[in-house]
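Listed below, chain by chain, are the residues.
There are 2 protein chains.
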Amino acid sequence: MDKYIKFLSKRTNKLKASEIRELLKLTEGKNIISFAGGLPDPTVFDKDKLIEIARDVLENFSDKALQYSPTRGVSVFIETLKNFLLDKGINISNNDDIIVTTGSQEAIYLASTVLIDRRDAIIVEEPTYLAALNVFKYLESRLMPVPIDDDGMNTEVLEDYLRKLREDGRRVKLAYVNPTCQNPSGTTMSIARRKHLIELASQHDFLILEDDPYGYFIFEGERPIPLKSLDRDERVLYMSTFSKILAPGLRIGWAVGPAEIIRYMELAKQNVDLHSSTFSQYIVMEAIMRGVVDATIERARSLYKVKRDAMLEALEQNMHTTATWTKPIGGLFIMVTLKKKIDTKKLLLKAIEKGVAYVPGGSFYVSRRGSNTMRLNYSYPTLTQIREGINRLALTIKEST
Amino acid sequence: MDKYIKFLSKRTNKLKASEIRELLKLTEGKNIISFAGGLPDPTVFDKDKLIEIARDVLENFSDKALQYSPTRGVSVFIETLKNFLLDKGINISNNDDIIVTTGSQEAIYLASTVLIDRRDAIIVEEPTYLAALNVFKYLESRLMPVPIDDDGMNTEVLEDYLRKLREDGRRVKLAYVNPTCQNPSGTTMSIARRKHLIELASQHDFLILEDDPYGYFIFEGERPIPLKSLDRDERVLYMSTFSKILAPGLRIGWAVGPAEIIRYMELAKQNVDLHSSTFSQYIVMEAIMRGVVDATIERARSLYKVKRDAMLEALEQNMHTTATWTKPIGGLFIMVTLKKKIDTKKLLLKAIEKGVAYVPGGSFYVSRRGSNTMRLNYSYPTLTQIREGINRLALTIKEST
Chain A
1 MDKYIKFLSK RTNKLKASEI RELLKLTEGK NIISFAGGLP DPTVFDKDKL IEIARDVLEN
61 FSDKALQYSP TRGVSVFIET LKNFLLDKGI NISNNDDIIV TTGSQEAIYL ASTVLIDRRD
121 AIIVEEPTYL AALNVFKYLE SRLMPVPIDD DGMNTEVLED YLRKLREDGR RVKLAYVNPT
181 CQNPSGTTMS IARRKHLIEL ASQHDFLILE DDPYGYFIFE GERPIPLKSL DRDERVLYMS
241 TFSKILAPGL RIGWAVGPAE IIRYMELAKQ NVDLHSSTFS QYIVMEAIMR GVVDATIERA
301 RSLYKVKRDA MLEALEQNMH TTATWTKPIG GLFIMVTLKK KIDTKKLLLK AIEKGVAYVP
361 GGSFYVSRRG SNTMRLNYSY PTLTQIREGI NRLALTIKES T
Chain B
1 MDKYIKFLSK RTNKLKASEI RELLKLTEGK NIISFAGGLP DPTVFDKDKL IEIARDVLEN
61 FSDKALQYSP TRGVSVFIET LKNFLLDKGI NISNNDDIIV TTGSQEAIYL ASTVLIDRRD
121 AIIVEEPTYL AALNVFKYLE SRLMPVPIDD DGMNTEVLED YLRKLREDGR RVKLAYVNPT
181 CQNPSGTTMS IARRKHLIEL ASQHDFLILE DDPYGYFIFE GERPIPLKSL DRDERVLYMS
241 TFSKILAPGL RIGWAVGPAE IIRYMELAKQ NVDLHSSTFS QYIVMEAIMR GVVDATIERA
301 RSLYKVKRDA MLEALEQNMH TTATWTKPIG GLFIMVTLKK KIDTKKLLLK AIEKGVAYVP
361 GGSFYVSRRG SNTMRLNYSY PTLTQIREGI NRLALTIKES T
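Protein chains in written order, with this note's numbering: chain A, 1 to 401; chain B, 1 to 401.
Hints listed in this document are in silico derivations from the structure and should not be mistaken for laboratory results.
Honestly, I wouldn't trust all of these hints.
What the hints assert, rightly or not - Chain B is faced by these chain A residues, among others (derived, beta-carbon under 10 Å):
| hint | residue |
| --- | --- |
| 1 | D2 |
| 2 | I5 |
| 3 | A17 |
| 4 | G38 |
| 5 | F45 |
| 6 | L58 |
| 7 | Q67 |
| 8 | Q105 |
| 9 | L139 |
| 10 | G221 |
| 11 | S229 |
| 12 | L250 |
| 13 | E260 |
| 14 | S277 |
| 15 | S280 |
These figures come from a predicted structure and were not determined experimentally.
Just so it is clear, CB atoms sit at the ideal spot from N, CA and C, and this is done for glycine as well.
Could you build the full structure based on these sequences and the hints that come with them?
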């Protein structure tokens, strides 16, 4: 069926179906414990409050909430979002610095199309968020992976890197980072490194895309200060989403950054989808104002903490001789590194046979590293599934070594 | 504030703010009758039924409706959509032929990025839908306008055009058409021309993007058969939206076409926004199943017919000496052509002073033609506003001739 190939644009060749996604389709309809997804636990959603809110929004604002709305976002929602962010330590000087997006994926996409040309050098953490990596690859950027350790992206390595690039007369356009409870690794960048990264951005004149879907529900201690709040030089474009702190199905995210860049993102969004769901924006607005978002954050925080603890404990009990793993302070993921050089992509088929699934870590790497790693999600499975799933996984690994 | 210019991608230069949009900002907060928009009349929305539906969806499916969902669309919704379309005369052989989008704008965008390379020749009606034109311009395609008359795009002219291109060794990749109650002109392509266009696509080997937001609420007579239903050669990619037949604020559109192209649109959509609002998809699904969409269609049909008649009558009474206009059988727009070569862009400022606004027709043209035309929307203003607005417009024109 190659009839349509000649009609495809050249860039369409850069759109690749994920082989992992294909592998994971094998798990559908089977009795398999999946650590592969990245879904919130639906018990976190406040169904009853959302029923009330949906009713009140339609009762009071149906003419507006069901109608077309500005590309930039519904203005009363932007105002509410601004106050919400202020309350969370993100100060926005100007409404022109915000755009509402169809999930944070669209924020990543719009920022990328507005900023990235073919061959532009983009710094990414290694490993990093797969769906951002796919956008950067689609735009044919030159990806420059910088390794992460327990303190997040190693900015010393980055500094060396930048120095060498400068010597070669090359420059970096932007750095994409997910500094807090990173997907996939679960690590959090230290404050010292955050400051260092900001300094490097100024010295070497690049922008920072800060992707922060998890920073709102840290399990213990203070929320690490967002890069955006450290940014004195207006180099940070911050993006996040209500997917984990209210409900992903509403598909509402946002970006905050320099008004000039947001303005171009708005123009790009006119082409892409005209605007995000007005109804969803009104629902999120009311959910913020009625404290439903904050209550959801509290539920997510305590539930995911228990689940993280259960997974860490199960790993300790079953895999301490065969693997090491990260200890996230929040977010949805733990990354496991096998001590032996077992290819976790090959191992996945065996794991599925044993009734457990995960995402092989290699997908999140730009380089060939990471073939002995795996990303485990603890937010969606139940506690029983977490314990049993880690058992199955440990067994799969033992039988393969 | 040119600090960020060096960070912008080259393609970002193709993103232009609309000068018309800027002009129309002058009307905000003033007592101005606007024929400039393209909004449904909100009295068409079924608030009470939608309150019930939103409640029932959250009551019964909250775990799914508030959760992430497949990029292609929620499967039960796709099934419902397929039946809905079958009922409207659009037969879909395979679920792989459908994708749900964030409004039909996203369908246009995804299809365009998947198909269009720089300098590809794209046939468009002249005038045509502005937001599609902007996407094609952004992708740096070579636009080939074909004039429309009372029977829609003149396919005889197109045929000549295609013959000459072939002689020059050039080819056309696709034709974008809005054949039923076109935006901006309000004209509808005759059946003979639809057939002719389909033949030409086969003969000259190009694809057709059929944009059909208005075909579901024709005021009188039968709905003209969609190109999609005439297509024996699988050349038509059909797209539409629930914006006018349920509510724009839900932001749910769709595309139907060859599975191979839809598959690439799905991959592109993974990058763009991951998926469209799950909650909105469930609401639209229930609205179809409970007959709310069909009831909305009936309300829109009868209300807009009365409004169209009022506008045609007011035009006849006030402007028969100074202008001609189209007589749409559906949709939201009438296009007016002034007999004298008055520049309607310049005239707009005077019209705004008199308390009436419209969109100058030139924006919808690729060529320099159309400078003496204007697009008038009749769906949103009230009957009183329609009569008074046309009065004001007639006065503005008289004073300028």
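Original post:
What hints, given by number in increasing order, does this structure fail?
Top reply: 10, 11
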